[in-house]
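Trainee: Protein chains in written order, with this note's numbering: chain P, 1 to 401; chain B, 1 to 401.
Calculated from the structure, these hints are not laboratory results. Small disclaimer: the values here were computed from a predicted structure and weren't measured. No false leads were slipped in.
Listed next, with one range per pair, are the computed distances between beta-carbon atoms:
(1) B:T244 to P:D95: 39 to 47 Å
(2) B:R66 to P:A381: 52 to 60 Å
(3) P:T141 to B:R66: 50 to 58 Å
(4) P:F242 to B:A146: 52 to 60 Å
(5) B:R66 to P:K208: 16 to 24 Å
(6) P:K130 to B:G192: 51 to 59 Å
(7) B:G192 to P:D95: 38 to 46 Å
(8) P:K208 to B:R396: 33 to 41 Å
Below, a sample of chain P positions facing chain B; criterion: calculated Cβ distance under 7 Å:
(9) E25
(10) S28
(11) G29
(12) K30
(13) Y46
(14) S75
(15) G76
(16) N79
(17) E80
(18) F110
(19) V176
(20) G178
(21) A179
(22) E182
(23) V211
(24) S215
All C-beta atoms, glycine included, are put in the ideal place defined by N, C-alpha and C.
Protein chains: 2
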Amino acid sequence: MKLDFPRYTERLGAVSIHAVQRIYELDSGKSKGFLTSHQTIKKFDYDEISNLLHDMAIVIPLKEERLKLLEGVLSGIPNECLVIIVSNSPRSPVDRYAMEVETVRLLGRFMDKRIVMIHQRDSAVGSILKKLKYNSILDSTGHVRAGKAEGMVLGLLIAKMYHKDYVGFIDADNYVPGAVNEYVKIFAAGFGMASSPYCNVRISWVFKPKVRNNSLQFSKWGRVSETTNKYLNSLLSSVTGFETDIIKTGNSGEHALSMPLADCLHYSSGYSIEPYEFVDVFEKFGGILPSKYPNVVEKGVEVFQIETRNPHFHEDKGKMHLNHMLEGSLAIIAASSICPSDLKRALRDQISQITGVKKQKKLDHRTRYPLIAPISTVPIAEFAKEVRENAETFYRLGGLK
Amino acid sequence: MKLDFPRYTERLGAVSIHAVQRIYELDSGKSKGFLTSHQTIKKFDYDEISNLLHDMAIVIPLKEERLKLLEGVLSGIPNECLVIIVSNSPRSPVDRYAMEVETVRLLGRFMDKRIVMIHQRDSAVGSILKKLKYNSILDSTGHVRAGKAEGMVLGLLIAKMYHKDYVGFIDADNYVPGAVNEYVKIFAAGFGMASSPYCNVRISWVFKPKVRNNSLQFSKWGRVSETTNKYLNSLLSSVTGFETDIIKTGNSGEHALSMPLADCLHYSSGYSIEPYEFVDVFEKFGGILPSKYPNVVEKGVEVFQIETRNPHFHEDKGKMHLNHMLEGSLAIIAASSICPSDLKRALRDQISQITGVKKQKKLDHRTRYPLIAPISTVPIAEFAKEVRENAETFYRLGGLK
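Could you build all of it, start to finish, from the sequences and the hints given here?
Mentor: Next comes the structure, spelled out in structure tokens:
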């Protein structure tokens with residue numbers, strides 16, 4: 001893989017946000033270095049990428065996605081990675097999770113991949129987390145809540161139990177296995193470029209093709225991303241005093257965290273988890289509020305945004321879904337303690353426009369989008385032992401313990 | 001890369017046609033072998049693939065394709081490969097070739113790739129080939145003819161001049177760089193599996209998505225492929241006496257040849273070059289007619305058909321183009337000396353249906369689709385010297401001689 005060094009960086013306290021980096025080659029071969037001296041382009045050979053992938057887990061949150069697509073996604077993930085599938089598919093009247101397990105088990109025979117599967121609503125998992133006092137992920141019935149974010153956090157816990165240093169998230173609704181392959185390599189390249197152990201790598205799509213008037217249109221930005229990015233950039237500008245458009249990946253579902261960073265973040269529920277990573281990093285390490293993490297502040301936090309070569313062909317989930325996503329994204333920006341009051345007002349206006357509900361005096365964001373506590377609060381050895389012993393939906397393939 | 005060993009093979013004299021093989025993983029990592037003993041699946045690690053790619057040239061025939069797409073295709077080709085771009089784009093009123101050269105030169109700075117470019121209608125190239133008595137590729141004005149096949153053959157000659165062992169062909173109208181990356185690795189995997197130096201690797205697409213009723217439909221076969229494959233299979237069956245549907249890649253534009261095989265094939269002009277490879281191989285090495293190549297017959301010829309994981313998103317070239325392609329494909333099957341008379345009749349009927357022209361008494365296939373002689377007839381050292389000295393449109397990037 002060959003890509004730009006970051007050409008521009010915005011700094012906010014201990015946080016460095018790098019401008020979008022371009023990929024020049026998906027496979028830059030085995031040979032090291034450049035023939036000529038390209039000092040502005042970084043080249044990763046197979047061995048470097050492979051070494052990073054050995055320490056990486058890929059979490060796939062799953063909810064009724066078509067099994068054909070899941071199959072393609074699995075074929076695109078390099079063999080070195082540990083794959084963690086966290087399903088939230090219904091178990092009755094038809095047990096879709098059983099179908100998913102069966103499909104993956106069959107494929108596993110041919111792929112010889114290390115894959116872990118678990119169902120998010122497994123009652124044993126809920127009980128274990130309750131026992132370990134990780135209540136912020138549980139609903140009133142003592143199960144892990146049904147949101148996507150909750151599934152992702154469960155994935156993080158399992159990655160940690162397998163001692164992985166990096167965790168990437170990839171959606172299961174992708175039509176192009178080659179694009180999935182690129183995402184994983186982009187994650188590796190980002191971590192390989194980082195100079196801090198606290199690192200977030202986010203995918204920026206070169207194109208998101210849409211079908212319009214019976215032909216493919218290669219549009220670059222969706223409305224949700226555009227709006228979320230605009231307000232995240234405003235939040236950033238309001239602190240630095242310099243206007244910026246550096247953030248392009250507010251809603252990037254395909255993103256990755258180094259485990260040390262994942263350990264100390266809070267996670268917002270539902271679809272606002274991705275933009276909330278920015279907000280949380282700003283709040284915790286941006287130097288505006290006192291930080292509880294002096295170690296992290298000392299080393300710094302790096303956010304990479306890397307643009308794919310592959311267009312993003314994925315399932316169209318409809319306008320309702322997009323509106324939910326946008327509402328959640330804006331709400332968590334508005335709820336931030338570092339959000340200035342004029343930006344809050346603008347965000348409230350925008351939210352009432354989307355929802356059609358008149359301005360509420362007080363926004364109840366934290367009730368609608370409760371925060372999940374950092375995973376560092378979970379004693380991981382105990383979690384691992386309990387899950388192995390008691391979680392009925394916990395499957396391991398490829399000789400995993 | 002992890003894929004099936006061929007599960008079924010049809011044999012015709014010295015020719016082995018392997019049934020379609022599936023890919024299980026795009027990247028099977030660095031580690032060798034399987035944890036468990038999978039004897040029916042072949043695994044190629046990075047190093048094996050990389051070694052094969054070092055001996056491979058990728059030829060891209062170009063004709064007014066959008067430069068954005070070309071850029072994507074180049075980014076998907078692994079760095080180890082030599083890239084040969086043969087352009088047939090117009091040079092006036094706007095010199096599109098100059099634009100192509102400029103684009104590739106700019107990209108070359110970032111990609112550090114070895115790329116050769118040449119224009120098919122370069123008058124020096126025509127003169128050189130005339131001098132070397134390779135007249136079957138020339139038109140009446142002494143230029144290389146303007147067809148796609150002629151460009152591909154010119155690409156083969158240039159690959160040979162750089163001493164490459166394998167040549168793959170990839171079209172420039174592909175939307176997905178990750179798919180291009182897969183094609184190249186599939187070529188390498190095919191050659192890596194071959195037990196003969198005479199080998200043809202053909203890509204079978206898992207899906208060719210089409211836009212219909214404002215949504216994407218994942219269809220598997222186009223009408224052209226379906227019809228061409230049917231008749232190629234009939235031709236095969238008529239010789240062996242056993243009905244078969246083994247051929248699935250009659251019109252595969254993405255295919256590759258080992259140089260020893262490329263050296264002794266004839267090439268049909270225009271869009272019939274791909275299906276004609278089958279016909280020519282059957283005629284020369286199928287044991288029906290006496291062979292002029294005892295060496296090849298002794299070692300055998302292998303045809304691999306490998307199914308991609310990536311769907312094939314490409315530019316829609318319209319119905320006219322498809323009809324031309326189908327007509328050409330059927331015509332060269334009908335013109336074969338091993339085609340039995342009842343099959344010839346059926347093919348003629350089908351052709352008149354497509355063209356709307358009533359049956360001709362005698363088909364003039366060979367005038368419409370003249371054959372290009374094997375490239376082994378060109379003294380390659382002399383060709384190389386002359387091209388380097390005299391071809392004005394011949395550009396080399398990445399430190400190539």
